[in-house]
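K.L.:
For the record, the sequence lines run as chains A and B.
Residue 115 in the working numbering sits at position 134 of the first sequence; the count goes up by one each step and never skips.
Residue -5 in the working numbering sits at position 14 of the second sequence; the count goes up by one each step and never skips.
The hints are simulated quantities; they were obtained by calculation from the structure and are not laboratory data.
Note that the structure is predicted; figures quoted are calculated from it, not measured.
Please note that a few of the clues may not be correct.
No distinction is drawn between identical chains; accordingly, a pair holds when it is met within one copy or between any pair of copies.
[As the list claims (entries may be wrong)] Quick list of in silico lysine-lysine cross-link-like pairs, DSSO-like style, CA-CA up to 27 Å: (1) Lys489 x Lys252; (2) Lys(-14) x Lys489; (3) Lys118 x Lys142; (4) Lys270 x Lys302; (5) Lys90 x Lys118; (6) Lys90 x Lys142; (7) Lys441 x Lys(-14); (8) Lys431 x Lys(-14); (9) Lys142 x Lys88; (10) Lys489 x Lys235; (11) Lys16 x Lys273.
Protein chains: 2
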Amino acid sequence: MDMWKRFCDHSFYFDAVELGIDVSKIGTFDEVFAKVDREKIFREMAALESGSIANFDENRMVGHYWLRNPAIAPSGDLKTAISEVWNTLDRFAYAIHSGDICGQSGKFKNVLCIGIGGSALGPQLACKALSHGPRNKMALFFLDNTDPDGIDSALAELEGKLGETLVIVTSKSGGTPETRNGMAEVNFAYERAKLTFSRHAVAITCEDSQLDRQAKKEGWLKCFPMWDWVGGRTSIASVVGLLPMALQGIDHKKFLGGMRDMDSLTRVHEKTNPALILATAWYAATNGKGEKAMVILPYKDRLDLFSKFLQQLIMESLGKKLDRANNMVEQGLTVYGNKGSTDQHAYVQQLRDGMNNFFVTFIEVLSDRSGVSPFIEEGITAGDYLEGFLLGTRQALYENGRESITLTLGNVDPYHLGVLIALYERAVSFYASMVNVNAYHQPGVEAGKKAANTILQLQKSILQHLRNNPKQSFSPENIAQAIGSDDVEIIFKLLEHLAGNRRIQCQKSTHFSQNMYQFLS
Amino acid sequence: MDMWKRFCDHSFYFDAVELGIDVSKIGTFDEVFAKVDREKIFREMAALESGSIANFDENRMVGHYWLRNPAIAPSGDLKTAISEVWNTLDRFAYAIHSGDICGQSGKFKNVLCIGIGGSALGPQLACKALSHGPRNKMALFFLDNTDPDGIDSALAELEGKLGETLVIVTSKSGGTPETRNGMAEVNFAYERAKLTFSRHAVAITCEDSQLDRQAKKEGWLKCFPMWDWVGGRTSIASVVGLLPMALQGIDHKKFLGGMRDMDSLTRVHEKTNPALILATAWYAATNGKGEKAMVILPYKDRLDLFSKFLQQLIMESLGKKLDRANNMVEQGLTVYGNKGSTDQHAYVQQLRDGMNNFFVTFIEVLSDRSGVSPFIEEGITAGDYLEGFLLGTRQALYENGRESITLTLGNVDPYHLGVLIALYERAVSFYASMVNVNAYHQPGVEAGKKAANTILQLQKSILQHLRNNPKQSFSPENIAQAIGSDDVEIIFKLLEHLAGNRRIQCQKSTHFSQNMYQFLS
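So that you can see chain A by itself, here it is in the shape it has in the complex:
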């Protein structure tokens, strides 16, 4: 009976949003909860929501909570801007569905979303989790990388259909290379098909960005505004998430309603604040230092991208070198997982028997399906098995000292997906307060872009050198010397890549370091 008492004391059910959170299997929850500086958390939350520069490294406000409730935005202009986008979006989706806006081959049937990071993960999650399958209003495709073969694969799926495909290009600055490259390649494909790209294109971008100027100059179908106070990983409530949902026929207003209702609950300055409970459980499970990984196990196929979405939301927000006082902290919280019970036939073997270096978040969905389930054996449905696997695994882990959280949803629908995502967004905000990091910038991502640029400059120098000496062949070391670089290894890697795409010639030696490279005549 002790476990039942602990369960009753540590399980919270939020009637208003039909969500349960059970932290009874996080051993030190109470001790950690007692120590949490709630005053700080709520003060920071209030400041952020009222428009303070919460993302101080980038000198930006953090406004994703306004997106579902413009009434709380800190200025009249912002309130208006947010609700105007809603109206524009509704009218635009209606015009696309009705055929008032058409592609060159007729009514739009497909949507190709070009974007990376939050510009892809949010719409991918929502559109998979809330799909009506063949009854979706439009078919969705994604280009979320700069892999030429991946671009070819996406375009092959759309072959002969580009004239009825709406292309959404999402990039705040317009400068994200993967997105810009994808757009350029898709543009070429429209040219090859003797179609005009701009007559099928929509931009989602900040005003006066490179992309905004291009779209306006070329007369694209539409330009939706983005704002610097919305981060990619929290952009699902902006037009970035809402437009693909609306086009597919998902009730994006119910989705926003779910987020708004959860936001209200997470503003409550009490113990029964769901995001405070969740963030405290994370802290308790990982000692506030990410000592254990968060394994996300939704027992529902529709939610199998949720872990990937959270991987970005949590790891990109919390994975920081410095805290807010510039102390070296190397913080973070590792997230992985797919779905149950499928994963029980894979890595859950290690969770049960291997290292105790994780805690699980089980996501339980009470409703098995929209219709009635047949019995597979006497009195037992396929869904009973799913529930049985969840409960059995959870208990076995617990008995073996492996901690877990369980979230319970009645259903996976637009409203409850909104509830779930808003819960995690706020829990990330709270946890960042607890460990004192800026959850809203991503210096490593910016640094990654710069590092790639340096390397592309090196490639230009290499090609220049080979072009200037067309009859000669060079070893990697020769080239390094000639162009005045000591990155022989990277020069070698670049040469191999260029040769692998028949852009230069390679004469192999017995050891690769002695390979000789030459301009292709």
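With chain A fixed as given, assemble chain B onto it according to the hints.
P.N.:
Same frame as chain A, now just chain B:
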């Protein structure tokens, strides 16, 4: 120049299979390599390949290496059995493609694979990585769970097409509940469509299993044999992987050829054994105790399921409580990842700046695409950016003390996918030798099945009690007492699930522990 020297000394290129392995960014590689008991590893490898009971806990041989080279199988019967399946498979795929074997609505156009764990992950990886897109010979669908809503989604995609859909049911014993439930639900769908399931069904199962008997009794189109010496996670070279590949139009013989060639290389008793290099690098990076997670980052969209495949192969093989001498070791090696550069806009922020609790395996593919790439800016292609992101990230991690391995492939084709998978299969065998665990059983998975059964029994008792007292309502504690169980928490969870599917009635109280449940009259 020091880094270049280290790179040259620690990078290995295997001409025969066109694969490169660079371990220069694993700091203690040399020290660990010097200590590896190679004699033990090669002795165990030879014993395993010659048919010893390498999976001693289950009293089974471990024969996946024979599947691509029957000549080395330990008996004439096995040699014959393996090559006979190849012939049967070829003839069957030909008959399906030619229309000699048809469904009730005509030529088969779709394949629905029902299976979980290795029975799904292998075919999913191969069929995605080697897809020809719209030019695939057949369209593939998967059912890999017992989620009723997920089953509905898969069936919705096949609505009106079941008569031209071939259903492959894969289960060694036929007793895996998820697979059996999926099959039962699909069977119902055929009945609703007034079609005969058996005329569209193929089984892959051990001889005389429950599934084998059912298939033979009902006269299914075909029964392909499986053997107890092939584990699910290493079944991709068996008919489990080969049949979906062949049906989709993938050259499965080249795939097997790649595996066979890699197997030959990993039998070499020398330093230049690619699997020995890889397993040593894992050991060096994780201190032989899984102290760091393995992040898999292929910079190629086609390979984005590879990490999920490895997650099973590695974590299910190595995640063990006991070593071979029954010492408590709680071993394992955590695997996660998706693809680059996409992930650079997500969790790679944490890898760059957060905790140093991982090492990365970069997978570089030299060829960008089958055709010629257009220039996005002067002299630079989309593929150059992809390469630049890989090299930039790798270097930045290295400079920050984060270790990595880099694998280089010329291309992702059937042969090289075979090479890659066979490399990891053998590396897992070797690593298991190093840390002395049985890599071929999965006691936790079996335990999970049993735990679920206990819970389903509890559900039966609950329903029995409510049915016997139809006019009364009960709290979870009442029921626990009545049926003589002290698992009140699980009883409550089961009641909520039953009520959530309208199979019993729930009368809510202010606290959920006081909810009252009643039989639905």
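K.L.:
Evaluate each hint against the coordinates.
P.N.:
Going down the list of hints, with the structure as the test:
Taking the closest pair of Cα atoms, Lys489 and Lys252 come within 27 Å of each other only across two copies (22 Å); inside a single copy the shortest separation is 68 Å, beyond that limit. In the homo-oligomer, the alpha carbons of Lys(-14) and Lys489 lie at most 27 Å apart only across protomers (19 Å), although the nearest pairing inside one protomer, at 71 Å, exceeds that limit. Taking CA atoms no more than 27 Å apart as the test, Lys118 paired with Lys142 passes in both settings, with 16 Å inside one copy and 20 Å between copies. Taking the closest pair of Cα atoms, Lys270 and Lys302 come within 27 Å of each other both inside a single copy (12 Å) and across two copies (26 Å).
Proximity of Lys90 to Lys118 under the C-alpha cut-off of 27 Å is found in both arrangements, the shortest distances being 8 Å within a copy and 25 Å between copies. Taking CA atoms no more than 27 Å apart as the test, Lys90 paired with Lys142 passes in both settings, with 9 Å inside one copy and 22 Å between copies. With identical chains, the CA atoms of Lys441 and Lys(-14) are at most 27 Å apart between copies only, with a shortest distance of 24 Å across copies and 68 Å within one. Taking the shortest Cα distances, Lys431 and Lys(-14) sit within 27 Å of each other only across copies (26 Å), while inside one copy they are farther apart (55 Å).
Taking the shortest alpha-carbon separations for Lys142 and Lys88, both the intra-copy value of 11 Å and the inter-copy value of 26 Å come in at or below 27 Å. Only between protomers do Lys489 and Lys235 lie at most 27 Å apart by alpha-carbon distance; the minimum there is 25 Å, versus 61 Å within a single protomer. For the identical chains of this complex, Lys16 and Lys273 are intra-copy neighbours only, at 20 Å inside a copy versus 30 Å across copies, given an alpha-carbon limit of 27 Å.
Hint violations for this structure: none, all hints satisfied.
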